[in-house]
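Colleague: These two chains come separately, so use the hints to put the complex back together.
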Amino acid sequence: NAGVTQTPKFQVLKTGQSMTLQCAQDMNHEYMSWYRQDPGMGLRLIHYSVGAGITDQGEVPNGYNVSRSTTEDFPLRLLSAAPSQTSVYFCASTPRGRINLKETQYFGPGTRLLVL
Amino acid sequence: AQKVTQAQTEISVVEKEDVTLDCVYETRDTTYYLFWYKQPPSGELVFLIRRNSFDEQNEISGRYSWNFQKSTSSFNFTITASQVVDSAVYFCALSTGSSNTGKLIFGQGTTLQVKP
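Chain order of the listed sequences is E and V.
Just add 11 to wherever you are in the first sequence, counting from 1, and you've got the working numbering.
Just add 908 to wherever you are in the second sequence, counting from 1, and you've got the working numbering.
Excised from the complex, chain V in its bound form (with noise of 0.2 Å):
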């Protein structure tokens, strides 16, 4: 079975404060990718990152970073020194498959709010 679990469903902070959203996906495939998506209150999907199975690295970009970790079958993102634009539902994906169909699997999403 293929799933992601996003267990934290609010997460609330003071601005400038770091904040961590916990990913966790199930499969069986040795190749998979995994994603972040925003979506802000204007409603649209903004993609934050793509990380496929093979590549275990940490990921940084401006505050945001990503902690991929097979052994525990987790995707964490962080947000460094949030700020309220970062105030969001964040959706963590997985697709399977050695070519990317486009066919992605969402956990539930963690609606964060920055507060000022």
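Next up, chain E with everything else stripped away, as it sits in the complex (with noise of 0.2 Å):
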């Protein structure tokens, strides 16, 4: 297995350019969420979804768009990038009800994103 995978690993975007961050998981995961992380704040959560055509907003959900067509990949969309927006992405995916497991998050390796 692969796990979480994110691409790119690096992007430097023009304020006002549109992107994809892309992540794929291939463990069947139900649930799957993006954060984005500043110094000193932390993961925040921006969407996430419980499966296949389902999303919900996070913490952070302003500028970004999301879809869910497929169990393994949940794209990150950026319409119009924002220096605000400057930061590193990291998505992640969760089994559905195997709560026995001792680890139940899988992150993937992080995208950073710079935004002039």
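Hints in this document: simulated from the structure, not taken from any laboratory.
Among these hints, one or two may not hold up.
Simulated coverage check for chain E against chain V, where a stretch passes if three residues somewhere in it have a Cβ under 8 Å from a Cβ of chain V [as the list claims (entries may be wrong)]:
#, stretch
1, 33–46
2, 51–62
3, 94–107
When the alpha-carbon atoms are kept at most 20 Å apart in a straight line, the in silico SDA-like pairs for lysine to any residue are as follows [stated by the list, open to error]:
#, chain 1, residue 1, chain 2, residue 2
4, V, K911, E, V71
5, V, K946, E, G14
6, V, K946, V, D930
7, E, K20, V, P948
8, E, K20, V, V954
9, V, K911, V, Y940
10, V, K911, E, P72
11, V, K946, E, P120
Just so we're clear, the structure is a prediction, and the values are computed from it rather than from any experiment.
C-beta atoms are modelled at their ideal positions from N, C-alpha and C, and glycine is treated no differently.
Modeller: The following block contains the structure:
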């Protein structure tokens, strides 16, 4: 299993540009989520999904769109990038119901985004 | 309101010292999960432990130990005989509800520097 993969690893955008951060998992996990990490603020939830076709907002959803057409993929779209979206983005997946497992949240390696 | 507070922003110790990282959480839910993650300088998030609200037993894993006290809403993490490789940012996180949907609330993180 590759686990949770994210592409690209690093991206530079200009203000107003759009882009999609890719996230995929091969563990057949039902739940997927996106977080952003900013200095001194920990990780904050942007959007999450409890299954294909179902998404909802997290703590900081403004400026981001998501969709979940398959169980495996959960892309994060920035429609018009702003400098405030400069951050490190982590995607995560979680299996539903298997709470007897020790580890239940699997994070991708992160995407570092710089918006100029 | 649900919240995780890691009051220690940075801690610096000398190798072989013991160090405790504090985590205080707030939630009105009776069922919840607490996590600790390590983020080394390479940037990935490394799972350390998950504890549910019904299990107040302390846990030890090698040089790591965790003290969960519901009476004080704390889930502290102690590293015994610290090593340089322990230098990292450590995050405490909270997930509420009975089904661990993967929606985590993170603390701000504590940067631990272990000097040789």
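Colleague: Holds or violated: K911 (chain V) with Y940 (chain V), Cα cutoff 20 Å?
Modeller: holds (12 Å)
Colleague: Sort out whether D930 (chain V) lies within 20 Å of K946 (chain V), counting only the CA atoms.
Modeller: Cα-Cα ~14 Å, so holds.
Colleague: Holds or violated: the stretch 94–107 of chain E covered by chain V, criterion of 3 or more residues with Cβ-Cβ distance under 8 Å?
Modeller: holds (count 6)
Colleague: Checking C-beta pairs, does the stretch 51–62 of chain E have three or more residues closer than 8 Å to chain V?
Modeller: holds (count 8)
Colleague: Do the alpha carbons of K20 (chain E) and P948 (chain V) lie within 20 Å of each other, as the hint requires?
Modeller: Holds: K20 (chain E) and P948 (chain V) sit about 17 Å apart, inside 20 Å.
Colleague: For the pair supplied as a hint, K911 (chain V) and P72 (chain E), confirm whether the alpha-carbon distance does not exceed 20 Å.
Modeller: Status holds; Cα separation ~18 Å.
Colleague: Take the C-alpha atoms of K946 (chain V) and G14 (chain E), compute the straight-line distance between them, and say whether it is at most 20 Å.
Modeller: Holds. K946 (chain V) to G14 (chain E) sits at ~18 Å (cutoff 20 Å).
Colleague: When I compare C-beta atoms, does the stretch 33–46 of chain E have three or more residues closer than 8 Å to chain V?
Modeller: As far as the stretch 33–46 of chain E goes, the hint holds, because 4 residues have Cβ atoms under 8 Å from chain V.
Colleague: Taking only the CA atoms, is the gap from K946 (chain V) to P120 (chain E) under or equal to 20 Å?
Modeller: At roughly 13 Å apart (the allowed maximum being 20 Å), P120 (chain E) and K946 (chain V) satisfy the hint.
Colleague: Verify the proposed pairing of K911 (chain V) with V71 (chain E), using a straight-line Cα cut of 20 Å.
Modeller: Measuring from Cα to Cα gives roughly 15 Å; hence the hint holds.
Colleague: So if I understand the rule, the pair passes when the alpha-carbon distance is 20 Å or less; does K20 (chain E) with V954 (chain V) pass?
Modeller: Between K20 (chain E) and V954 (chain V) the Cα gap is close to 18 Å, so the pair holds against 20 Å.
The structure agrees with every numbered hint stated previously.
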